[in-house]
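Trainee: The hints should help you fit chain B onto chain A, whose structure is shown.
Now for the letters of each chain:
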Amino acid sequence: MIGNFPYITVIIYIGCGIYILMFQKNLIKLAIGINLIENGINLFLITLGFKKGAVAPIYTQAPSGQSMVLPTPQALTLTSIVIGIATTALILSMAMMIYKHYGSIEVNEVRRLRG
Amino acid sequence: MNLLNHTPILILALPLLAAFLIPIIGKINKKATGIFATLVLGLSLILTIILAVKILSVGPQIYVFGAKSPLLTLPSSLKFPIRIMFQVDAMGIFMGLITALVSFLGAIYSLAFIDKKDGLDSYYSLLLLLTVSMFGMEFTGDLFNFFVFLEIASMASVSLICYRGTDLGEPVEAGFKYMVVSSIAALMVLFAIGIFYGEYDVLNIAAIASVIKYSQLDKIALGILVSVLAMKAGAVPMHMWTPDAYSEAPAPITMILVAASQASLYAIFRVVFSLYNITLNTLAVGWIIIIFGLLSMFIGVTMAIIQKDIKRLMAYHAISQTGYMLLGVGVGLAVLANPTALQRYGITAMEGGIFHIMNHAMYKGLLFLTAGALFFRTGTRDLNKMGGLAHYMKYTTIFFIIGAAAIAGLPPFNGFASKLLIYESVYKFNPLLSIIAMVVSILTLASFVKVFHSAFLGPKLPQFIEVKEVPRSMVFAMAVLSFIIIFFGLFPDLIVKNLVHPAVMSLIEQFKYTSTVLGGM
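So the sequences go chain by chain: A and B. In terms of my numbering, the first sequence has 676 at position 80, counting the first letter as 1, and numbering is strictly consecutive. In terms of my numbering, the second sequence has 259 at position 205, counting the first letter as 1, and numbering is strictly consecutive.
Treat the hints with care, as some may be off.
To be verified - With a Cα cut of at most 25 Å, we get these calculated BS3-like pairs of lysine-lysine:
1. B/85 with B/522
2. B/362 with B/522
3. A/696 with A/621
4. A/647 with B/133
5. B/170 with A/696
6. B/133 with B/566
Unchecked claim - Some chain B residues well away from chain A (every beta-carbon gap over 12 Å; in silico):
7. 128
8. 133
9. 500
Unchecked claim - Over 10 Å on every C-beta distance to chain B, these chain A residues come out as not near it, computed from the model:
10. 598
11. 600
12. 601
13. 605
14. 612
15. 657
16. 660
17. 664
To be clear, the hints were calculated from the coordinates, so they are not data collected in a lab. We treat Cβ as the ideally placed atom computed from N, Cα and C, and that holds for glycine.
Bound-form chain A, shown alone (with noise of 0.2 Å):
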């Protein structure tokens, strides 16, 4: 049971993600929801490749006959965590534009692309 709370928090962070892109209407907040389903998913990530008492997988520095944790999920984790920030700096940089030209950055106001 304790082994599966990595994943209840996975599905906790995520589910709040979902939350606030449906329902919030402020610009900056819906980039912070974003980010919370980006977190999840790389803690997903990360405990996919997680063993209990293993050693961090560095090959030539590992006491022999101990096992490691898989190193590909890490390599993954940290590419989307890079990725992540590119997308997080693009959204707040496209939130701050908007509030240039109309103003705002509530959801109801930025509204002039109809039907």
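Mentor: Only chain B this time, still in chain A's reference frame:
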């Protein structure tokens, strides 16, 4: 060292390198950036054609990164590939040809169209990055690599949609919408990849396909992948970003965005055919895709009829035409487990759907370019304010007629060829679907007659007295597309037999896809 073995990576590496060289070139000469980008994309197009000839005559090509030889898929004594690799088969190169052609013509068109001086270097940098990411999505044989390219594609296209955002608010609004949609889509794709990795410990598509079991987790992953990729492809009911993004982006970018959406569409087909194939419940999943297609066709075209903004109208038609592709391929998927039905009409339906991808990229690209030409000279996209433009812009009028006739499926043009394949084969599967497809086609024609009438016909208007034909580079890009449309319309057999049929067979025959990597396991 044989350079020809390295073509798959060179197609990506050259534009990628050029994308980072362009800011430096821009420091010296702003005008040179556009010419440089065009040259690099032209080189990339030539390499794609070379690769296509090789694939269609020899077979699928593999490129493994970091190995001693680019063809070494399985390092000694390993059962599964551990390295990232490109795996280009007939379907991948079919999409690659579309990408190469569309981005090359887009760059040529941009030479005259983008007249704003500042930001010219970043425009071409991002255009090249977008092209690279589309190639990557189409060529890669690794799921995580696909996710990375998907993210690059969304970031590059969002920045390009916002290109006019320094002066206007609307492009940024459209870009924000697209960014939210595409980051959720990419994150959910990553979640599905995590599920696959947790279950099978590999990330290579072929390796997963050889062991996939269609367990409960696989069903969840399939649901996530199909729905979010359909969202990226702009299928109804997840289409809300499409009209905004397509209408606010500069016209050549819209043309490339259409191809980028189709790269996501390609990913759906790759997932259901190469990854799952007959392990999944083909009838149910096939019908889900058919229903996506029907909704897209019908809702897309009905929304298009009431539009007044010319690019927004065309964007709704893009949604509607995506429905035809989903319909054709969905019918093929629904009968995948039934060999007699597959032979009788399944393969033809898929040929129609896949052929329509290329045709759509060509005529929709042409239509968006003509809309861009109108906007370039008149400064408006509102159909009510236009009129009598046929007096001033003769070439553009002819190109528009060709594009409109092709999208409506009139005989001597390419839209007719692929739509006829779809009508015929889908009628054998379920007559009602075929009838709906024909009705949608008629509505498409009606709406383009309206555009033609209100933009081009009528007396000369006083406010457009200064309007003249667009510059030569724009005419050239449109002329090439018109030529391709007519050529495909006159000789559809040639294309279907040599390009489309191998692509369809490479989707249907899953063992060929897996055995190129795993060596007949």
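Trainee: Would you pick out the hints that fail for this structure and give their numbers low to high?
Mentor: none
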